[in-house]
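Residue numbers (this note's numbering), protein chains in the order written: chain Z, 19 to 249; chain L, 19 to 249.
One thing to keep in mind: the hints can contain errors.
Restraint-style ranges between C-beta atoms, simulated for each label pair [claimed, not checked]: (1) Z:P228 with L:R128: 37 to 47 Å; (2) Z:E222 with L:A157: 45 to 55 Å; (3) L:H58 with Z:A172: 15 to 25 Å; (4) Z:R84 with L:Q60: 12 to 22 Å; (5) L:E226 with Z:Q60: 35 to 45 Å; (6) L:H58 with Z:K87: 18 to 28 Å; (7) L:D218 with Z:R181: 26 to 36 Å; (8) L:Q60 with Z:S209: 49 to 59 Å; (9) L:T74 with Z:N73: 34 to 44 Å; (10) Z:D134 with L:D174: 18 to 28 Å; (11) Z:D174 with L:E226: 27 to 37 Å; (12) Z:E188 with L:E132: 47 to 57 Å; (13) Z:V81 with L:A82: 34 to 44 Å; (14) L:L163 with Z:H221: 58 to 68 Å.
Computed list of chain Z residues with no C-beta within reach of chain L, every gap over 12 Å [to be verified]: (15) K20; (16) V21; (17) T74; (18) D134; (19) A172; (20) D174; (21) P212.
Here are the simulated SDA-like pairs of lysine to any residue, each with C-alpha atoms no more than 25 Å apart in a straight line [said to hold, decoys possible]: (22) Z:K190 with L:H221; (23) L:K190 with Z:T220; (24) Z:K87 with L:R33; (25) L:K161 with L:R84.
The hints are simulated quantities; they were obtained by calculation from the structure and are not laboratory data. Think of the CB as a built atom: it goes at the ideal place given N, C-alpha and C, for glycine as much as any other residue.
Protein chains: 2
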Amino acid sequence: MKVTQRNRLHRLPARGSHESGVIHSILDAAFLAHVGFQAHGQPFVIPTLYGRDGNTLYLHGSVASRMLKELGGGIQACVAVTVVDGLVLARSAFHHSMNYRSVVAFGTARPITERDRKVHALRVISDHLIAGRWDDVRAPNDKELKGTAVLEFALDEASAKIRSGPPKDEPKDYARTVWAGVIPLVMEPRSAIPDERLADGTHEPQYELPWRNESAATPSLMPSSAESKSA
Amino acid sequence: MKVTQRNRLHRLPARGSHESGVIHSILDAAFLAHVGFQAHGQPFVIPTLYGRDGNTLYLHGSVASRMLKELGGGIQACVAVTVVDGLVLARSAFHHSMNYRSVVAFGTARPITERDRKVHALRVISDHLIAGRWDDVRAPNDKELKGTAVLEFALDEASAKIRSGPPKDEPKDYARTVWAGVIPLVMEPRSAIPDERLADGTHEPQYELPWRNESAATPSLMPSSAESKSA
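Bound conformation, chain Z alone (with noise of 0.2 Å):
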């Protein structure tokens, strides 16, 4: 990943990272992006759900959707991606904190327009939020291609930040009878509620939530596994 003036970590860079393997694998333990842009003199940030293909990140919604409609005019972009893995308790209050992990990337959105890509990039989405649930299900007819908008953003100028680990208080403070410690926060699925119309003989399927990804809860700045998927 290059590092220009966008990207570079100006805070605690010592839990910052450009590395594209670190990039991926945040974004891949995520579904949510929240996307800033300016237009008529003001900042919006809008959440949004995403699918990662390579170092191409895929954005849809309505063709109607200010956010779309701005985003594909090719104004600048910053969509950040955050996964918050736990509370951390510290002995003082200045030293309380969050363990996350965090992406921050810059750039300019394109609007895919070909139909076959437009597919491809709505599947990718469907695939990183459900994995196998695009086969089961009715594909997009073109009234339905035509009222989605789909972008795509490339991931040249990304950084990614973590804080994992214990809390880090005052020396003088370990003295203090306070608990300190982690929280852990995960993001779980509850049990399926059946719509209510489901046609008889329609089962239950036990789909995968790929960014439900335990292992990664425990992460590196210097991740062997994360890089497996397209890099």
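Fit chain L to the given chain Z structure using the hints.
Then chain L, alone, in the frame of chain Z:
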């Protein structure tokens, strides 16, 4: 909540609200915000913790942080908070969706410099995350307060969006025998991990995590109890 050009709802206004009670209840059900701003011609989106006191959001960070420096200068900002409640599996790819509650707020952040107000704001952020923790730990000293920038952000121009409930499919697709429904998602704490250097005689407290409100997972656009916290 006043409705302006910025917080007017464009897309699917039936999912949206400008009610302060709705906006506050969503902000109280999360602890991570994504803050957007423009600096040097480039949009930035940075994840950060926050607390809410009435109609004010508090943000904090190191005085050295880029975000705090830029925002403290009085530039326009956008604060987005998103709670993911579930994945919505429809019978067609097109109608897949997400159940969520989100707030987008526009405005200008102002630095808090008075000592007492700064400590109050930090306590609000702490209480928002882990009730009672503030009273158990060492309070910030003068040096730590000097190193911490605290901003206040008035919730004057904000909007909420909520999607809840089952998938909505095309009439023809209900005959399909593909499973449809909702996979609820919840941010869950796991067993706390004690720091290795706890002082003898330290016991693990049972803190309430106020944002982890189970009843909040089934919100309505017209909540009755959501107004109970100072509105």
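These are the hints, each one checked on the structure:
P228 of chain Z and R128 of chain L have their C-beta atoms about 42 Å apart, which keeps the hinted 37 to 47 Å range intact. E222 of chain Z and A157 of chain L have their C-beta atoms about 52 Å apart, which keeps the hinted 45 to 55 Å range intact. About 21 Å separates the C-beta atoms of H58 of chain L and A172 of chain Z, a value consistent with the hinted range of 15 to 25 Å. Roughly 20 Å separates the CB atoms of R84 of chain Z and Q60 of chain L, a value that falls within the hinted 12 to 22 Å.
Remark: the range hint 35 to 45 Å for E226 of chain L to Q60 of chain Z is upheld by a beta-carbon distance near 37 Å. Evaluation of the 18 to 28 Å hint for H58 of chain L and K87 of chain Z yields a pass: the beta carbon distance comes to about 25 Å. For the hinted restraint 26 to 36 Å between D218 of chain L and R181 of chain Z, the CB-CB distance of approximately 28 Å keeps it satisfied. In this structure the supplied range 49 to 59 Å is violated for Q60 of chain L paired with S209 of chain Z, their Cβ-Cβ distance being about 44 Å.
T74 of chain L and N73 of chain Z have their C-beta atoms about 41 Å apart, which keeps the hinted 34 to 44 Å range intact. Against the hinted window of 18 to 28 Å, the Cβ-Cβ separation of D134 of chain Z and D174 of chain L comes to about 46 Å, which falls outside the hint. As the Cβ distance of D174 of chain Z to E226 of chain L is approximately 44 Å, the hint placing it in 27 to 37 Å is violated. Judged by the Cβ atoms, the range 47 to 57 Å given for E188 of chain Z and E132 of chain L is violated: they are separated by roughly 25 Å.
With their beta carbons about 42 Å apart, V81 of chain Z and A82 of chain L fall inside the hinted range of 34 to 44 Å. Range check, L163 of chain L to H221 of chain Z: Cβ separation about 59 Å, and the 58 to 68 Å hint holds. Annotated as non-interface, K20 of chain Z keeps its C-beta farther than 12 Å from every C-beta of chain L; the closest such distance is 16 Å. Annotated as non-interface, V21 of chain Z keeps its C-beta farther than 12 Å from every C-beta of chain L; the closest such distance is 15 Å.
Taking the minimum C-beta to C-beta distance to chain L, about 19 Å, the non-interface status of T74 of chain Z holds against the 12 Å cut. For D134 of chain Z, the condition that its CB be more than 12 Å from all CB atoms of chain L holds, with the nearest at approximately 15 Å. Every CB of chain L is more than 12 Å from the CB of A172 of chain Z (nearest about 16 Å), matching its label as outside the interface. At roughly 14 Å, the least C-beta separation between D174 of chain Z and chain L is larger than 12 Å, which holds for a residue marked as non-interface.
A cut-off of 12 Å between C-beta atoms contradicts the statement that P212 of chain Z is not in contact with chain L; the least separation is 4 Å. Under the criterion of a C-alpha separation no larger than 25 Å, the hint pairing K190 of chain Z with H221 of chain L is consistent with the structure, at around 19 Å. Under the criterion of a C-alpha separation no larger than 25 Å, the hint pairing K190 of chain L with T220 of chain Z is consistent with the structure, at around 16 Å. Distance restraint check for K87 of chain Z and R33 of chain L: the Cα-Cα separation of roughly 20 Å lies within the 25 Å cut-off, and the hinted pair is therefore satisfied.
Simply put, K161 of chain L and R84 of chain L have alpha-carbon atoms about 20 Å apart, close enough for the 25 Å limit, and the pair holds.
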